[in-house]
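**Student:** Protein chains in written order, with numbering that gives the first Met the number 0: chain R, 0 to 214; chain B, 0 to 235; chain U, 0 to 192; chain H, 0 to 564; chain V, 0 to 198; chain Z, 0 to 351.
Hints were generated in silico from the structure; no laboratory data involved. Among these hints, one or two may not hold up.
Derived BS3-like pairs (lysine-lysine); straight-line CA-CA distance at most 30 Å [stated by the list, open to error]:
{"#": "1", "chain 1": "R", "residue 1": "Lys-151", "chain 2": "R", "residue 2": "Lys-197"}
{"#": "2", "chain 1": "H", "residue 1": "Lys-43", "chain 2": "V", "residue 2": "Lys-172"}
{"#": "3", "chain 1": "Z", "residue 1": "Lys-289", "chain 2": "H", "residue 2": "Lys-400"}
{"#": "4", "chain 1": "B", "residue 1": "Lys-212", "chain 2": "Z", "residue 2": "Lys-65"}
A short list of chain B residues far from chain U (calculated; beta carbon distances all over 10 Å) [as the list claims (entries may be wrong)]:
{"#": "5", "residue": "Asp-11"}
{"#": "6", "residue": "Asn-16"}
{"#": "7", "residue": "Ser-121"}
Bear in mind that the values here come from a model prediction, so they are computed numbers and not experimental data. For glycine and all other residues, C-beta sits at the position ideal for the given N, C-alpha and C.
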Amino acid sequence: MEGLLYSIRKNTLGIGIFAAVTAGLIAITQVLTSERIQQNQEAHQARILYEILPRALDEQLHQQTIRVPAPELGLHEPIEIFQAIVNDQVQAVIIPVTAKEGYSGDIEMLVGIWNDGSVAGVRVVSHRETPGLGDKIEVEKSDWILSFDGLKWLGDDDQRWNVRKEGGEFDQFTGATITPRAVVRQVAKTLEYFDLRKEQILRPSIQLNRVDDDE
Amino acid sequence: MMNSEFRKISIDGLWHNNPALVQLLGLCPLLAVTGSVVNAIGLGLATTVVLIGSNLTVSLFRQHIPTAVRLPIFVMIIAAFVTAIELLMQAYTYELFLILGIFIPLIVTNCAIMGRADAFASRNPVPASIFDGLMMGVGFTIVLVLLGAMREALGAGTLLSNMHLLFGEPARAWQITLVDNYRGFLFAALPPGAFVGMGLLIAVKNLIDAKLKNRTQNTTSPSTETSSSKRVRITG
Amino acid sequence: MNEFLLILISTVLVNNFVLVQFLGLCPFMGVSNKLETAMGMSLATTFVLTLASVCSYLVYRYLLVPFDIIWLRTISFILVIAVVVQFTEMVVHKTSPLLHKLLGIFLPLITTNCAVLGVALLNIQRQNNFVESIVYGFGAAVGFSMALILFSALRERIAVADVPVTFRGAAIGMVTAGLMSLAFMGFTGLVRV
Amino acid sequence: MTRIYSFHGGIHPPDNKRQSLGAPIKQAPLPSRLILPLQQHIGKSATPIVEVGDRVLKGQKIADATGFISAALHAPSSGTVTYIGLQPAPHASGLESPCIVIEADGLDEWISKKAIADFRSIQKKALLDHIRESGVAGLGGAGFPTDIKLNLGKDHIINTLIINAAECEPYITADDALMRERPDEILKGVEIIAHLLEPSKILIGIEDNKPNAIKALRDYIREYQLPIEVVVVPTLYPSGGEKQLIQLLTSIEVPSGSIPADVGIVCQNVGTAAAIYRAVELGEPMISRIVTLTGFALGHRQNYDVLMGTPFSVLLEAAEVDRDKMFRLVMGGPMMGISIEDDRIPVIKTTNCIIAATQEEMPPAPPAQPCIRCGMCEQVCPASLLPQQLYWFAKGREFDKARHHNLFDCIECGACAYVCPSNIPLVQHYRFAKSEIRNEEAEQQKSIQARERFEARQARLAREVAEKEQRRKERAEAAAKEQARKKLEQDQTTHATPNAEAELKKLKTAASVARTKLKKAREALKNAEDKDLDGIEKLQATVAQLEEKAGEAERAWQDASGAKQ
Amino acid sequence: MTIILTAILILLSLALVFGVILGFAAVRFKVEGDPIVDQIDQLLPQTQCGQCGYPGCKPYAEAISNGDAINKCPPGGQSTIEALATLLDREVVPLDAEHGEEKPKTVAYIREDECIGCTKCIQACPVDAILGAAKQMHTVIVSECTGCDLCVEPCPVDCIDMIPVPVTPNNWKWPAPVSDPNLILTDRGRGHLLQEGSK
Amino acid sequence: MALIHLSSPHVSKANATNRVMRLVLIATLPALLALTLFFGWGSLIQLLLASTTALLFEAICLHLRKRPVLFFLRDGSALVTAVLIALAIPPFAPWWIVVIGTFTAIVIAKHLYGGLGNNPFNPAMVAYALLLISFPMEMTQWNAPFVLLGDHWSVLASFKDSLIIIFTSMNQTLIDAYTGATPLEVLKHRSGMTTEEVWRNNPVLNQGVFAWYGISAAWLMGGVFLIYRKVFTWHAPFSMLVTLFLLSSLFYAGDPSNFADPFVHLGVGATMMCAFFIATDPVSGATSNKGKVIFGIGVGALVYIIRTWGSYPDAVAFAILLMNLTAPFIDHYTQPRSYGHERANRGTGGRS
Ligand SMILES: Cc1cc2nc3c(=O)[nH]c(=O)nc-3n(C[C@H](O)[C@H](O)[C@H](O)COP(=O)(O)O)c2cc1C
Ligand SMILES: Cc1cc2nc3c(=O)[nH]c(=O)nc-3n(C[C@H](O)[C@H](O)[C@H](O)COP(=O)(O)O)c2cc1C
Ligand SMILES: Cc1cc2nc3c(=O)[nH]c(=O)nc-3n(C[C@H](O)[C@H](O)[C@H](O)COP(=O)(O)O)c2cc1C
Ligand SMILES: Cc1cc2nc3c(=O)[nH]c(=O)nc-3n(C[C@H](O)[C@H](O)[C@H](O)CO)c2cc1C
Ligand code: SF4
Ligand code: SF4
Ligand code: SF4
Ligand code: SF4
Ligand code: FES
């Protein structure tokens, strides 16, 4: 019994001291770095947004979101759409969407749309397509994704929104048709969705502070 | 005396007992993040810092750690260093942190460190422990970088690309393009390539070892009769 | 149910912990020389991995999140794992010599298996709930075990093969693991997650 | 009709039997020298009971069975024992083994035969002893002492007696010839065996490529009141293997590690049956057998009735060998026989065939290629083993695994090696592995024994030390008492203690030890100097030191002894 | 600041709980005894020659279980090293040349006419494999001799030889087939080479 | 004359590994012929190229490993590997594809493990899988069969043009002209159409599929020949084909609009080649008959699973590699019951 208590006391003390010291060490580091980390995280998130829409348009873009239901895109949950608001007017939005028909897995993208319905820009956030083949949808690898800029959706009978091989206007990459087709179709769908829900999507989420800013 | 000990420690860490090539420890990050040189350097540095720190701490307190909770305490010390590094990387090299991802916290279990704390630092004085941590870390980093370079060169046809993630904007220019318009040998970039590449590195080490051994054998004359030198007479 | 099946398929085949995700490689290379030891290791790992999944989930959910100190996760997880492992080892050693003979020598090795911590961390990253965490941990362990056992059977065969001296041992082991990983690439896309 | 079953695998090598069946059995010439190895059977070697210079008669016992499993040996002809010692003998190793050599006098003079007129009238024990005294051992393969196989009444019940007439190996026709020409001898032998074992049925298994023999046996069977049946089995090597034949005829498998008797079966070769008959009813011990001489290097290929101990060379000459064409000499069949390098070796009880093959007939095997795991070997293995795995394990020296793959169930039939497309000498690999394992086991045994003896010795030493200590104590006590007594007496004597003698001895040994050490060191030094090795200085120092010590020891001794004188 | 304190407190409490558990377990589930020494001893050849630097096989077995190298026993040779490596899950290493080299098995042979009956060899033999009494000539029981050669040195008249164990048909071993391809490239075939190999 | 001393047996069946390999080579001839008939000279050129490079690499490896070069070259296994690689890759793949392929097969998959007989993985399939993941573009550009090519067939029919396509850098328009999707690809990437619609709409299926059937028939012929010549047993191919057939029938019967029918699974792609020439590779497969059956079932099931739900258009290489890596394990658990062991008919015990 004696031995048991002694053993427990000794071990507990040992482990306890180290626990306290190490926890303190980590906590201090955390306190010292937390602010910078937060900044980094935000900057990282915002980076792609500002690739699509110039930061000059709206500095607060990454903080202004509005939740819009999207059954048209096959989603049960509403999606969070970023709004670029100038003078209380939504100038452009960025809609995060997922293309499901990729070659191997989902392709997550951001689709930027001006309030007139034309494409402001498309970027792929994450994908699992084959490197060297399907990954030309990344802007770092190829300019292909820029070919959407400025285009509009002209309704159901718009034949341009397809890869060239299937009569559309977009190049496929050599040896890979599926990836571009998935992206093109998803962008088209998103534009269609935008058309349908224009009202909701273009309603500014924040108004007051903009007025202050302008003054 | 001192010198020869340190020499032995460095030769051990860098070659004879290299954590990656010989002990086959720390393989996970070794294979997972060596897609490019910059990742390799990043992880190598982080590991080395943790190794030195944890060796130092363990060696300092080695007399005061009760055996039953020895492992948990070692692990805690290492985890503390790792978390600190993790936080610092998040603060200062955020992009690289994102790429290395889960393998930063995994440095904790990274057997290399475990082995060192238990096997070396808990039995040796502070300076030797620090030096051992450094050498093991450097040995590990060298392998990381070699493998990273191999895979980057074969897989993407470049070397030292994206160095800015670690060394800031000016380093962007360090990139060397080996082959223009390289099609990319994807195998090297994918998991199978990592394994095979590592196998080749180990084989190269074996080859060099064999050559070295051959040479020493050829230079020293056949050893003289020593067979009974250590013999103990157990009877009459 | 279906969802759990998908998690299983994903962790065992498509994203096999060892061959695709690169976790748990040290024991994979280290204790794969003999089929029997590999089986012992597999059993032990499966046990610990599942248990660690559960414990770390509980610690995370009921300690770290409420107190807003999730940056303590690495240290608290590894602590939990180390203690679970060591405690299990002690208990098994005392109570069941047979089980200890089977698993005992591997238990201490498992703390240093990064699949264990990896599972705990990935559970958070993937925001798995309690049951999902268990299934994920179990699946990871099964994937690990499968790879390890098959690999050890292969290595037994390679041990009697006429491998060039330079490659004997770890080197050919790595190459073999590479080819295994190549084979596992065949599962790409089975589960689109 | 008894149903015929089948066994796994098997092969159809070209049987090459016709060559040696052209002529009837011929009496082989009586050689001038008969060489009789003491071990012609399984078990312990026989112990010679004659000495060099003794004259022996034909059929006289010259060596006794040693222990339980062993067989006696008899002089095949009359003559003089000229030598007892190592001679080349038939063994796969090609090594020499102990033999008795008899210089035949050409008279061929029989000792008086001890026949048993009616074997049913005497006790079984006596009958068995008679068979044992006649040195009968299995003629079919391993040469297992027959009396032991027939002496099963006590702990086994035998349902089935199987007479092995399959003779499945190519080339060999000794049993075939025997069956054609002396079926009565065989069946009379069977009668004796049946009397001893009392089986409920007797099956004679014979391959369908021996129609004449089948006919001869069937013709004679009717004359016997025995439950005998001649069962014709398809020609498929190795249907004559004991276990395979049992499976063929009864579908029973002999469990691994057991003997057929454990499943109620005994299997005897036809030749053995005939030998039993001769031993019992004619009183002729086992001194001759039928041997097939065949192979294209021979002028006459046929069966001979040969005396044991006849050197191969004599037989080869009798069969008009062409030594230039003879490329390979095999004792036994081409599948299981052993190759012989020295044709002076003698015929023994298990020599059923001698093949003098030309190069075209048995060319050297082409070089082995790597095993491609094609599995052909597995398809033919009659023991349902995995020959290729056994091969890989034997080659990789993974003997434990080989064992787990039932290496010891391999009957070394050679079917696997026969079909292997890569020409791997599989059987030799297995033999190698088996002998390594056996050797390891023996060593293990020996090491256990050594440990026991070592521990026993340590214990003994400890005991001795303890005893010595005890005695020393007692002595000391006694001495103390003595001293006390002496003190009491106040006696005054000289310094010569009772221990001086012992002291002196000690000093002497010390001196001599020192001397030997010195001698050795000097030798080492000389050796080193001769060969100019390093470390000479060290040795020199040692020698100097030892010299000093030896001198000291010498002096001490001298002083002491001088003092004593 | 509070965050630092919470962190310390939480981890401390976790650690305390664990400390208690492990401390409890350390005493409650303590295990004694170490059967591994016996297992190691089983594998050693029991030649008891002391070439490993320990007085006998058992002490060496103890030393191995305490971490000594497994390559110090020349009589056991490579196969013992391999067996030990498997048992202890250590790396297979070549025999340590400092302790001698693997030699063919030998037994002691006493040239009886030279023996002076000094009994020194009897005292030296660790397994009592020598028979004889003072002033009589001595013989070695071949089946018991382990070939340790400890009796050779003490003999004052050098009448003990270590002779290789003779090969007889009874202890003869089948040789491994000549290792496959390298030798056999002539079209004379394997046969000839085997023949040469067997000599 | 000196007598020689050997272990028994003293005779052997005249039967050599190189003869086995030669038979396999002969059995690939119908497939080569069919490929040339339907897809042009490409396969023949690849075959020549593959054979030369494979022999070259083999010779280099043997030399480096200090083995007798000619002796081993003669066993013909390198040629079999080369031929299978050549016939598995697209006929007009650029030359370096084949060279990298044979290098991988011979050097990495075979000689790193000790050469013939020692390799746990099928060398040709290692090469194929490596090429497929490394160069998906080149490896998926199969020719369309002549029937579908219209004008362009003349390019493929000309030996000289074929050489140019393979040995000079690729010309994209030319490539686009002669390549076409394979039936499996068409069925896989049907973009929402039902199986029936795909069949109706796609010329690759309704006209071209016969080319693939023809090639399958050629492989089948070769395979049957090899079974007849006892080069391998029926176990692996038969169980593989049956499994594939059963699985595909099952799913097709359950939902004919989403799954391809069993005849497509058996008749297109590399199914027949896999069944008879790859799943039967003795070296890397399971050994016992039971093991071979399990091996075959495994290959069949994996082929179906990967084809139907996985990313890769054809699954043969991966299925084979996956089963290769389980082969030692299968072997371990399918040891046959040896004579006189457990579960044997031991008769009525005799010990009283
Ligand atoms: C390993 C592998 C990876 C592939 N990855 C992609 C990909 O990421 N994206 C894609 O569109 N096609 C990919 N493909 C190509 C498709 O299988 C298919 O050949 C192609 O999309 C059809 O294109 P085509 O219509 O230009 O012939 C891949 C093929 C293979 C074999
Ligand atoms: C009681 C008894 C004990 C036997 N013991 C052995 C034995 O120890 N070893 C042996 O090889 N054969 C033994 N045999 C004989 C075998 O069953 C077999 O007949 C003999 O080995 C000849 O077989 P073969 O020529 O097929 O090799 C024994 C037979 C009996 C009846
Ligand atoms: C492969 C093989 C083939 C054999 N072939 C025969 C044979 O054809 N005839 C025969 O009598 N014994 C043959 N034997 C020996 C038998 O197994 C068995 O030893 C013998 O029949 C026992 O009878 P015995 O003690 O009277 O010699 C063969 C043994 C083996 C291993
Ligand atoms: C029936 C049979 C099938 C074979 N199949 C293959 C094969 O699929 N791939 C291959 O590389 N070699 C094959 N080979 C050749 C040979 O076995 C192969 O190169 C070895 O794997 C090399 O060790 C085959 C040989 C035979 C006899
Ligand atoms: S027959 Fe020969 S090559 Fe074929 S598996 Fe057996 S041993 Fe190997
Ligand atoms: S020699 Fe042994 S392994 Fe070969 S076939 Fe005969 S029983 Fe089977
Ligand atoms: S060297 Fe070996 S045999 Fe000799 S005492 Fe030591 S352990 Fe025993
Ligand atoms: S007789 Fe000599 S060699 Fe043999 S065990 Fe005894 S001391 Fe050792
Ligand atoms: S680094 Fe992952 S298990 Fe060792």
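**Student:** Now tell me, hint by hint, if it's right for this structure.
**Tutor:** Hints and how they fare:
Straight-line distance between C-alpha atoms of Lys-151(R) and Lys-197(R) comes to about 14 Å, which keeps the hinted pair within the 30 Å bound. Between Lys-43(H) and Lys-172(V), the direct Cα distance comes to roughly 18 Å. Compliance with the 30 Å bound is thereby established for this hinted pair. A hinted pair counts as satisfied when its Cα atoms are at most 30 Å apart, and Lys-289(Z) with Lys-400(H) qualifies at roughly 20 Å. Among the hinted pairs, Lys-212(B) with Lys-65(Z) is consistent with the structure: their alpha-carbon atoms are about 20 Å apart, no more than 30 Å.
The Cβ of Asp-11(B) sits about 17 Å from the closest Cβ of chain U, beyond the 10 Å cut-off, so the non-interface label holds. The Cβ of Asn-16(B) sits about 14 Å from the closest Cβ of chain U, beyond the 10 Å cut-off, so the non-interface label holds. Residue placement check: Ser-121(B) keeps its beta carbon more than 10 Å from all beta carbons of chain U (closest about 15 Å).
Going down the numbered hints, you'll see the structure goes against none, and every one checks out.
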